[in-house]
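S.K.: Please build the complex by placing chain U on the supplied structure of chain P, with the hints as guidance.
Chains as they are written, first to last, in the UniProt record's numbering: chain P, 1 to 312; chain U, 1 to 348.
Watch out, some of these pointers could steer you wrong.
Straight-line C-alpha distance at most 27 angstroms; calculated DSS-like pairs for lysine-lysine [claimed, not checked]:
#1 Lys50/P with Lys191/U
#2 Lys245/P with Lys260/P
#3 Lys292/U with Lys208/P
#4 Lys79/U with Lys260/P
#5 Lys260/P with Lys157/U
#6 Lys293/U with Lys245/P
#7 Lys103/U with Lys245/P
#8 Lys191/U with Lys260/P
#9 Lys103/U with Lys234/P
Just so you have them, the derived chain U footprint on chain P, three or more residues with Cβ under 8 angstroms [as the list claims (entries may be wrong)]:
#10 166-176
#11 200-206
What the hints contain is simulated information worked out from the structure, not anything from laboratory work. For glycine and all other residues, C-beta sits at the position ideal for the given N, C-alpha and C.
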Amino acid sequence: MVNGDSGSQQLLETLRSIDTQTVVTMFLILAAAYVLGRVITALISKLSEKMSRKDRIKVKMIIPAVKFGIYVLAFYYILREIFNIFGPELLLLTGLLGAAIGFGVKDLFADIIGGLVITFEKPYQIGDKISIGAYYGEVTDIGLRATKLVTPDDNTVTAPNSLIFNETVASGNYGASEMMVVIDLYIASESNVETAMRILREAVVSSKYVYISGSTPVTLLHKALPFYTRLRAKAYVNDLRDEFKFESDVHTRAWIEFLKNGIRAPQLHILNLPPVRENHESDAPTRRNLRSSKGTRKDSDFNIDFSKDSGL
Amino acid sequence: MGTQHSDSGDYSFGEILGLREEIREIQASIADYETGKKLNIAIIAGTLAGKTTLLGEIERINQNRATGITFSEIVRDRKEISIPDDTKRVVLFDNCHYLYMRKPGGFDIFYEFLYMISSQEKLFIATWNLYSWRYLSEAFGIERYFPVQIFIPAFEKENLRLFILKRYGKAEIRFENDEEPKKEPFIYIEKYPLELSSLGRKIFVPVLKINLSYLRHRFLHEEETQTAEEMVFEKIYLESKGNPGIAWRIWELGLDYPGIKHEDIGQFSFDIDLEYEEAFVLSLILSYQALKKTEIAELIGSEFRADEILFRLLTGELIFKDEGASYRIRPEALQSVIAYMEKLRLVW
Numbered sequence: 001m002v003n004g005d006s007g008s009q010q011l012l013e014t015l016r017s018i019d020t021q022t023v024v025t026m027f028l029i030l031a032a033a034y035v036l037g038r039v040i041t042a043l044i045s046k047l048s049e050k051m052s053r054k055d056r057i058k059v060k061m062i063i064p065a066v067k068f069g070i071y072v073l074a075f076y077y078i079l080r081e082i083f084n085i086f087g088p089e090l091l092l093l094t095g096l097l098g099a100a101i102g103f104g105v106k107d108l109f110a111d112i113i114g115g116l117v118i119t120f121e122k123p124y125q126i127g128d129k130i131s132i133g134a135y136y137g138e139v140t141d142i143g144l145r146a147t148k149l150v151t152p153d154d155n156t157v158t159a160p161n162s163l164i165f166n167e168t169v170a171s172g173n174y175g176a177s178e179m180m181v182v183i184d185l186y187i188a189s190e191s192n193v194e195t196a197m198r199i200l201r202e203a204v205v206s207s208k209y210v211y212i213s214g215s216t217p218v219t220l221l222h223k224a225l226p227f228y229t230r231l232r233a234k235a236y237v238n239d240l241r242d243e244f245k246f247e248s249d250v251h252t253r254a255w256i257e258f259l260k261n262g263i264r265a266p267q268l269h270i271l272n273l274p275p276v277r278e279n280h281e282s283d284a285p286t287r288r289n290l291r292s293s294k295g296t297r298k299d300s301d302f303n304i305d306f307s308k309d310s311g312l
Numbered sequence: 001m002g003t004q005h006s007d008s009g010d011y012s013f014g015e016i017l018g019l020r021e022e023i024r025e026i027q028a029s030i031a032d033y034e035t036g037k038k039l040n041i042a043i044i045a046g047t048l049a050g051k052t053t054l055l056g057e058i059e060r061i062n063q064n065r066a067t068g069i070t071f072s073e074i075v076r077d078r079k080e081i082s083i084p085d086d087t088k089r090v091v092l093f094d095n096c097h098y099l100y101m102r103k104p105g106g107f108d109i110f111y112e113f114l115y116m117i118s119s120q121e122k123l124f125i126a127t128w129n130l131y132s133w134r135y136l137s138e139a140f141g142i143e144r145y146f147p148v149q150i151f152i153p154a155f156e157k158e159n160l161r162l163f164i165l166k167r168y169g170k171a172e173i174r175f176e177n178d179e180e181p182k183k184e185p186f187i188y189i190e191k192y193p194l195e196l197s198s199l200g201r202k203i204f205v206p207v208l209k210i211n212l213s214y215l216r217h218r219f220l221h222e223e224e225t226q227t228a229e230e231m232v233f234e235k236i237y238l239e240s241k242g243n244p245g246i247a248w249r250i251w252e253l254g255l256d257y258p259g260i261k262h263e264d265i266g267q268f269s270f271d272i273d274l275e276y277e278e279a280f281v282l283s284l285i286l287s288y289q290a291l292k293k294t295e296i297a298e299l300i301g302s303e304f305r306a307d308e309i310l311f312r313l314l315t316g317e318l319i320f321k322d323e324g325a326s327y328r329i330r331p332e333a334l335q336s337v338i339a340y341m342e343k344l345r346l347v348w
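If we strip away everything but chain P, and leave its shape as in the complex, we get (with noise of 0.2 angstroms):
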């Protein structure tokens, strides 16, 4: 047993004995670690954007592993130094320790747990598209203590990783690189629905972002609600990064068929508003004359264009 005075005392001409070679081994350690660590992740992540969609996700998930890897070996190296300095008194040591992980950096310990969790059970990986708290966005990086991942926005946003613990991850593409898309188009009731589904299903499938196969395939549903109808397309996007290219293209190309179609957008009238007025060619004369009998105010070109685009 050790006496707790004597104890002290031995701690203490212990930690006078520390020289400063030893604490800037012990830093230069760290930092090496972290080099390296940063070194890796850019090597890997330069040669993953060269790979083919399907391999880039795959060669980025060892990133985590192998960031893990050079931070463990550090702090073997720094124990050992430590076991080499204190030797019994490592248990005093380790009982203040304690107290600090348990007042001071308790958070921190338990994101570095929540690293650990997150390197080994892969709830998600780096380059995958996942929700997380209030954010959803696409993985850049697994670090000790935080997870980075940029927003659809372009927002780069850090989460510490003990959210794993109390949040619910959904991982949209869990490691793959395509990911499933859900399209919804609306349409008035009175639309030919069958037409109409025609048209959602080639336009997703002749889209350049789709990615068909037997396990990826395209489902298309269709609800009828009270005053529209609604139209679902599910496929999947080539790559997870076009996901929204993918959504905006299938719904150019689908309403500029529909209007060759004469599908139409639900109409206001269903509020018991006035329908809006088509937009035909023969109209344009009187539209002109209005702006131009109007004069020149920005919010009345501003309704006419509205009324074009509510047409759609």
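M.R.: Positioned in the frame of chain P, the structure of chain U alone reads:
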């Protein structure tokens, strides 16, 4: 001189193609049809792989009972797929990948074609580009309409040699260095062409090759030699991966008529780096085999972009404009283009 074309006359055309098995299978299906079992046949192959030649051979063999129809550009008029009353019992359609446009509203002719081949009594044999076929298979399940599917395999080296040399007269081509046969070293390094779809390009891997036949002959006190002709066709075979169209192009590029040296046979690797839309247009050209500018503009919805993209692809020497004003992939760039398309998963 080597063994050039001295024996090509002894082979039937089917044997020269190296497609004897495929022809036999198609003939067996035609025979089944005559006894009341109708199974439509799809002949599927990549660009320049020989599907039109195979269909031509089938038409020649069955000239009394087959009618051939060829599509040479995207079909827009329903009349083009309608079959006259005097059409024979077996109908051969070449280049069926021209029956659809990859855009909303662009599949009406294709649906009608599928309806026709499934509702009529005649037997239909159709050729499809490999990448169009895979796309239509995943998107529309086209394979259900063609229970017999013939995928044209890569040619054997000997078949490639016969395919090329049958176009020349006896002893017309001079394989240089053939007078002094080159003695093979015991160990040598060969650049082996390898398409890496992960990297999207073709690379040349130096492979250490041990000349086993030379060793064997040396132990038997015989001198092992490889003629210049053999070296030429070995290189063409490795570069073309057994695709006759690519092989012919490489041959043409290396030929200094009437002589050819194996050192002049080129090895082609294109480092392709394109924007996504450019790559998509390239994938369309690969899937259709040949597209006009107006068709490309219609498919991507912008004439201005079509101009811009085609200019970029032309200056990158990935495509060329043929005499019919259609854009095609350069045969020598084909393997690199396929590897790049597979990397981007724009072809499946």
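S.K.: Give a verdict on every hint.
M.R.: Comparing the hints with the structure gives:
no.	hint	verdict
1	Lys50/P with Lys191/U	holds (23 angstroms)
2	Lys245/P with Lys260/P	holds (23 angstroms)
3	Lys292/U with Lys208/P	holds (19 angstroms)
4	Lys79/U with Lys260/P	holds (23 angstroms)
5	Lys260/P with Lys157/U	violated (53 angstroms)
6	Lys293/U with Lys245/P	holds (25 angstroms)
7	Lys103/U with Lys245/P	holds (16 angstroms)
8	Lys191/U with Lys260/P	violated (56 angstroms)
9	Lys103/U with Lys234/P	holds (18 angstroms)
10	166-176	violated (count 0)
11	200-206	holds (count 4)
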